[in-house]
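> Please model the complete structure; the sequences and the hints are all you need to start from.
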Amino acid sequence: MTSSLEDSLTAAQLEAVRHREGPLLILAGPGSGKTRVVTHRIAHLLEQGIPASQVLALTFTNKAADEMRQRLGQLAPGQSIWMGTFHRFGAFLLRRHAERVGLRENFSIADVDDSRRILKAACADARVDLEMATPESIAQAISWAKNNLITAELYQPRPGSAVGALAARVYPVYQQRLLRANLVDFDDLLLHVATLLRENPELRESLDRRYRYVMVDEYQDTNLAQYAIVRSLSIDFPNLAVTGDPDQSIYGWRGANLSNILDFERDFPRVNVVRLEQNYRSTRRILRVADELISHNVRRKHKELFTENPEGQPVRLIEFASQHDEADHIASRIQADLRAGRRRARDFAVFYRVNALSRALEQAFREQGIAYQIVHGVEFYQRKEVKDLLSYLQLVNNPANDAALLRVINTPTRGIGATTVERIQAFASAHGLPLIEAARRSGMIPSLNARAAVAVARFVTLLDRLRELATEPVARILERLLDETGYRKTLEGSDAPEDMDRLANIEELLTDAAEFDQRHPHETPLEPFLEQTALVNDTDDLEGASDRVTLMTLHAAKGLEYPVVFIVGVEQGLIPHERSREDDAQLEEERRLLFVGITRAEAELTLSYCQYRVTHGMNRAVVPSPFLMELPRREMDVVTAPRLTPQYGRDKARGGAEWGEDWLPTTQLRDDARELPMSHGPSEAQEQEDQHIEIDYLDECETNQDSPTRRPASGSSASRVAKPRREATMAPASGTASGNPLAALAGKLRTAADLAESLDTPLPSAPSAMSPEVFAHGMRVQHPEYGVGQIVHLVGTGPKRTATVRFQRDGVEKKFRLAFSPLRPM
DNA sequence: TGTGAGTTGATTTTT
DNA sequence: TCAACTCACA
Numbered sequence: 001m002t003s004s005l006e007d008s009l010t011a012a013q014l015e016a017v018r019h020r021e022g023p024l025l026i027l028a029g030p031g032s033g034k035t036r037v038v039t040h041r042i043a044h045l046l047e048q049g050i051p052a053s054q055v056l057a058l059t060f061t062n063k064a065a066d067e068m069r070q071r072l073g074q075l076a077p078g079q080s081i082w083m084g085t086f087h088r089f090g091a092f093l094l095r096r097h098a099e100r101v102g103l104r105e106n107f108s109i110a111d112v113d114d115s116r117r118i119l120k121a122a123c124a125d126a127r128v129d130l131e132m133a134t135p136e137s138i139a140q141a142i143s144w145a146k147n148n149l150i151t152a153e154l155y156q157p158r159p160g161s162a163v164g165a166l167a168a169r170v171y172p173v174y175q176q177r178l179l180r181a182n183l184v185d186f187d188d189l190l191l192h193v194a195t196l197l198r199e200n201p202e203l204r205e206s207l208d209r210r211y212r213y214v215m216v217d218e219y220q221d222t223n224l225a226q227y228a229i230v231r232s233l234s235i236d237f238p239n240l241a242v243t244g245d246p247d248q249s250i251y252g253w254r255g256a257n258l259s260n261i262l263d264f265e266r267d268f269p270r271v272n273v274v275r276l277e278q279n280y281r282s283t284r285r286i287l288r289v290a291d292e293l294i295s296h297n298v299r300r301k302h303k304e305l306f307t308e309n310p311e312g313q314p315v316r317l318i319e320f321a322s323q324h325d326e327a328d329h330i331a332s333r334i335q336a337d338l339r340a341g342r343r344r345a346r347d348f349a350v351f352y353r354v355n356a357l358s359r360a361l362e363q364a365f366r367e368q369g370i371a372y373q374i375v376h377g378v379e380f381y382q383r384k385e386v387k388d389l390l391s392y393l394q395l396v397n398n399p400a401n402d403a404a405l406l407r408v409i410n411t412p413t414r415g416i417g418a419t420t421v422e423r424i425q426a427f428a429s430a431h432g433l434p435l436i437e438a439a440r441r442s443g444m445i446p447s448l449n450a451r452a453a454v455a456v457a458r459f460v461t462l463l464d465r466l467r468e469l470a471t472e473p474v475a476r477i478l479e480r481l482l483d484e485t486g487y488r489k490t491l492e493g494s495d496a497p498e499d500m501d502r503l504a505n506i507e508e509l510l511t512d513a514a515e516f517d518q519r520h521p522h523e524t525p526l527e528p529f530l531e532q533t534a535l536v537n538d539t540d541d542l543e544g545a546s547d548r549v550t551l552m553t554l555h556a557a558k559g560l561e562y563p564v565v566f567i568v569g570v571e572q573g574l575i576p577h578e579r580s581r582e583d584d585a586q587l588e589e590e591r592r593l594l595f596v597g598i599t600r601a602e603a604e605l606t607l608s609y610c611q612y613r614v615t616h617g618m619n620r621a622v623v624p625s626p627f628l629m630e631l632p633r634r635e636m637d638v639v640t641a642p643r644l645t646p647q648y649g650r651d652k653a654r655g656g657a658e659w660g661e662d663w664l665p666t667t668q669l670r671d672d673a674r675e676l677p678m679s680h681g682p683s684e685a686q687e688q689e690d691q692h693i694e695i696d697y698l699d700e701c702e703t704n705q706d707s708p709t710r711r712p713a714s715g716s717s718a719s720r721v722a723k724p725r726r727e728a729t730m731a732p733a734s735g736t737a738s739g740n741p742l743a744a745l746a747g748k749l750r751t752a753a754d755l756a757e758s759l760d761t762p763l764p765s766a767p768s769a770m771s772p773e774v775f776a777h778g779m780r781v782q783h784p785e786y787g788v789g790q791i792v793h794l795v796g797t798g799p800k801r802t803a804t805v806r807f808q809r810d811g812v813e814k815k816f817r818l819a820f821s822p823l824r825p826m
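Under our numbering, the first residue of the first sequence is numbered 1, with each subsequent residue one higher.
It is worth saying that the hints were derived from the structure and are not from the lab. Incorrect hints may have been included.
Only pairs whose alpha carbons sit at most 16 angstroms apart, straight line, appear in this in silico EDC-like list of lysine to aspartate or glutamate [as the list claims (entries may be wrong)]:
1. 489 - 499
2. 301 - 263
3. 303 - 292
4. 384 - 508
5. 489 - 385
6. 489 - 388
7. 489 - 501
8. 120 - 422
9. 384 - 111
10. 303 - 291
11. 301 - 291
12. 301 - 265
13. 384 - 499
14. 301 - 277
15. 303 - 277
16. 384 - 507
17. 489 - 479
18. 120 - 136
19. 384 - 113
20. 384 - 501
21. 489 - 507
DEER-style ranges, computed between Cβ atoms [what the hints assert, rightly or not]:
22. 296 - 18: 34 to 42 angstroms
23. 210 - 113: 34 to 42 angstroms
24. 532 - 210: 22 to 30 angstroms
25. 254 - 48: 34 to 42 angstroms
26. 254 - 563: 25 to 33 angstroms
27. 426 - 826: 53 to 61 angstroms
28. 161 - 584: 19 to 27 angstroms
29. 254 - 162: 19 to 27 angstroms
30. 296 - 430: 55 to 63 angstroms
31. 96 - 457: 35 to 43 angstroms
Quick reminder that beta carbons are idealized off the backbone N, C-alpha and C, glycines included.
Next comes the structure, spelled out in structure tokens:
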């Protein structure tokens with residue numbers, strides 16, 4: 001009997017759904033109904049009498065797992081299979097077999113913060129000086145190793161890699177510290193489990209038998225550790241079904257190995273491959289733009305994306321003068337649609353490459369009174385007060401948790417300062433003890449003075465007392481510790497306004513805990529609660545419910561869809577990101593990231609970039625993303641937005657007549673903006689722009705000193721006087737007067753390299769600032785205000801080059817960042 | 001030991 | 001720019 005569930009499925013979808021035994025690879029393009037297929041397949045398996053306990057479904061995000069669970073709930077009510085993220089599954093297995101990898105079952109999961117803390121301590125232990133590398137870079141090296149199943153013992157640094165050499169020294173110490181604190185970091189959740197499965201064949205076999213039908217979502221994002229886990233569960237019963245899309249692999253930086261999916265057919269020779277290529281989400285135009293972009297990637301599996309959806313509107317590409325214009329325009333356009341009743345706020349999403357770009361958007365949305373929500377990776381559980389309290393809870397559950405202890409030993413302040421903590425740490429390292437045990441022996445630490453020792457002893461007693469509550473409901477433990485630690489009182493006694501917010505957050509945490517307690521009435525809820533807070537970020541359930549515009553990073557957008565999508569900051573250095581520049585594989589990943597963003601859009605898509613963007617407090621000329629040149633112009637409307645920011649700064653315009661209520665940006669755009677001609681000479685637009693250039697300098701008085709495309713400064717001030725940007729950015733080879741990158745797009749320039757080359761001309765700098773490199777120690781200089789002086793000290797390079805000048809007039813010394821100062825050599 | 005001003009330095013993505 | 005960190009002082 002064919003289930004009625006399957007009536008509406010296409011042939012390809014049906015094939016995947018009906019597949020039962022043996023390996024299955026579902027190559028699912030964006031919007032191809034992948035989740036639907038997967039949930040139907042599970043329902044189908046269950047329908048055929050396969051016990052729910054034999055089915056395991058692994059996802060990357062909680063969001064994906066939740067959605068699947070919910071949809072499955074509709075198809076097969078009451079059946080519950082193990083479904084969740086890899087990390088959660090790792091934690092689940094590890095709890096049961098912790099002792100086999102040297103942990104105790106009440107281990108805690110260190111978040112990034114905790115793990116950095118431990119890492120820094122490990123660096124200190126290993127006497128690694130951090131001149132050559134940041135803890136961050138070492139952490140990355142270790143993380144990379146773990147994701148590739150390289151344990152501390154096996155780690156071999158790449159020859160010549162300074163960071164690698166340091167990591168080799170720190171890694172064992174770090175790992176030892178984690179074990180001592182009964183802690184695992186995120187990567188350990190996978191690495192330990194992989195090790196467990198490799199070293200315990202009987203355990204592997206029993207799990208393989210138990211999880212007979214394993215499903216993996218987003219397979220393109222698996223790293224080696226995840227691969228190993230999945231593989232070990234599919235040896236005797238190779239009913240492994242994976243879904244994925246190589247074109248949507250965007251987690252290479254986290255160790256994802258694209259080969260896992262590209263080579264799946266080699267790993268499992270008898271695999272059944274199903275391609276889901278029909279898109280049910282986007283208009284034809286959007287899909288063609290996406291397809292054209294991604295076709296520039298080499299490492300992929302070709303797919304024929306198609307859709308029966310309508311043609312749709314052209315994809316818009318807009319050039320703005322500044323990020324404020326960009327944000328204002330988007331906000332206004334959304335506002336116009338909302339007012340006209342054409343759309344609801346939840347229909348809109350704005351994507352950006354880096355979180356920092358949300359700021360301008362937020363400001364614009366607030367000013368225009370548009371409800372929005374930001375999907376932030378962190379938020380609630382990362383707030384100081386919440387983390388503090390969670391750390392106390394961690395200590396109740398696992399007193400050996402050094403990271404948690406370090407966090408709260410003096411929070412609220414109780415007279416245990418940095419020096420004291422250092423001495424306890426030294427004692428702990430020397431004796432191989434967790435910090436709590438060292439603290440317990442505070443009386444025996446000779447370097448501690450009596451007062452400190454007493455304070456520490458008091459703290460230990462406090463923890464011991466709290467620890468007795470370990471089996472109580474979480475909310476009750478929280479209440480008690482808020483009182484006994486004095487945490488609440490400290491905040492209540494404070495008159496700092498942010499402390500009121502903190503109290504509110506604490507209330508929220510209490511509610512959270514109480515709810516959790518209710519949902520877990522039969523167990524000791526503390527440990528699962530802590531696991532939840534470590535592995536779930538609260539934005540996972542941010543979706544849907546509220547009617548707001550959603551702002552998020554491109555990464556966060558994966559798996560989602562919206563009727564109207566804006567992607568801002570499509571610029572060189574952003575997408576592709578600065579750090580992905582030299583590496584082809586990384587460049588392809590950036591392209592996929594943009595592909596993911598584009599394919600989120602159902603009906604309308606707008607890409608935009610700015611001529612100038614403020615980054616790190618500096619206003620810099622922007623190069624549009626080379627990816628833009630890979631998009632098919634025939635599917636697009638390419639427009640330059642009129643400058644919204646008037647001459648005397650944008651604040652003046654607010655509320656002014658020209659910023660009227662009925663300002664409809666779309667109309668305005670259409671009327672005023674010119675479709676860029678294939679090539680054009682100096683024009684009205686240019687003159688207009690020349691004016692703006694001056695305003696920029698007056699406003700910002702910044703140079704573009706360390707813009708990545710710059711050549712080293714030549715040193716001659718005369719040549720560096722502001723020039724119209726048109727000239728500065730035009731392609732010398734093309735011979736047209738059009739420096740507008742968009743025109744270049746349409747004109748003779750063909751490749752990103754061409755564009756970069758064309759822009760590798762000194763950009764205009766602020767009229768007053770000199771190249772920092774022309775200054776030398778002892779040089780006599782002139783300052784418009786302070787007069788004549790002499791450079792007595794000189795440090796730093798580039799924009800950070802700072803001179804100390806002693807002025808003749810009254811012998812006073814002043815420091816200047818040379819790149820921005822009006823100093824001139826005499 | 002705790003606090004505030006001043007300085008420096010770093011800027012991606014997330015389980 | 002802005003947040004984290006340092007250093008001087010109470």
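> Each of the hints needs a verdict: does it hold here or not?
Status of the hints after comparison with the structure:
no., hint, result
1, 489 - 499, "11 angstroms, holds"
2, 301 - 263, "10 angstroms, holds"
3, 303 - 292, "12 angstroms, holds"
4, 384 - 508, "14 angstroms, holds"
5, 489 - 385, "13 angstroms, holds"
6, 489 - 388, "15 angstroms, holds"
7, 489 - 501, "14 angstroms, holds"
8, 120 - 422, "12 angstroms, holds"
9, 384 - 111, "13 angstroms, holds"
10, 303 - 291, "9 angstroms, holds"
11, 301 - 291, "13 angstroms, holds"
12, 301 - 265, "12 angstroms, holds"
13, 384 - 499, "11 angstroms, holds"
14, 301 - 277, "12 angstroms, holds"
15, 303 - 277, "7 angstroms, holds"
16, 384 - 507, "14 angstroms, holds"
17, 489 - 479, "12 angstroms, holds"
18, 120 - 136, "10 angstroms, holds"
19, 384 - 113, "11 angstroms, holds"
20, 384 - 501, "11 angstroms, holds"
21, 489 - 507, "14 angstroms, holds"
22, 296 - 18: 34 to 42 angstroms, "36 angstroms, holds"
23, 210 - 113: 34 to 42 angstroms, "35 angstroms, holds"
24, 532 - 210: 22 to 30 angstroms, "24 angstroms, holds"
25, 254 - 48: 34 to 42 angstroms, "36 angstroms, holds"
26, 254 - 563: 25 to 33 angstroms, "30 angstroms, holds"
27, 426 - 826: 53 to 61 angstroms, "55 angstroms, holds"
28, 161 - 584: 19 to 27 angstroms, "20 angstroms, holds"
29, 254 - 162: 19 to 27 angstroms, "23 angstroms, holds"
30, 296 - 430: 55 to 63 angstroms, "57 angstroms, holds"
31, 96 - 457: 35 to 43 angstroms, "37 angstroms, holds"
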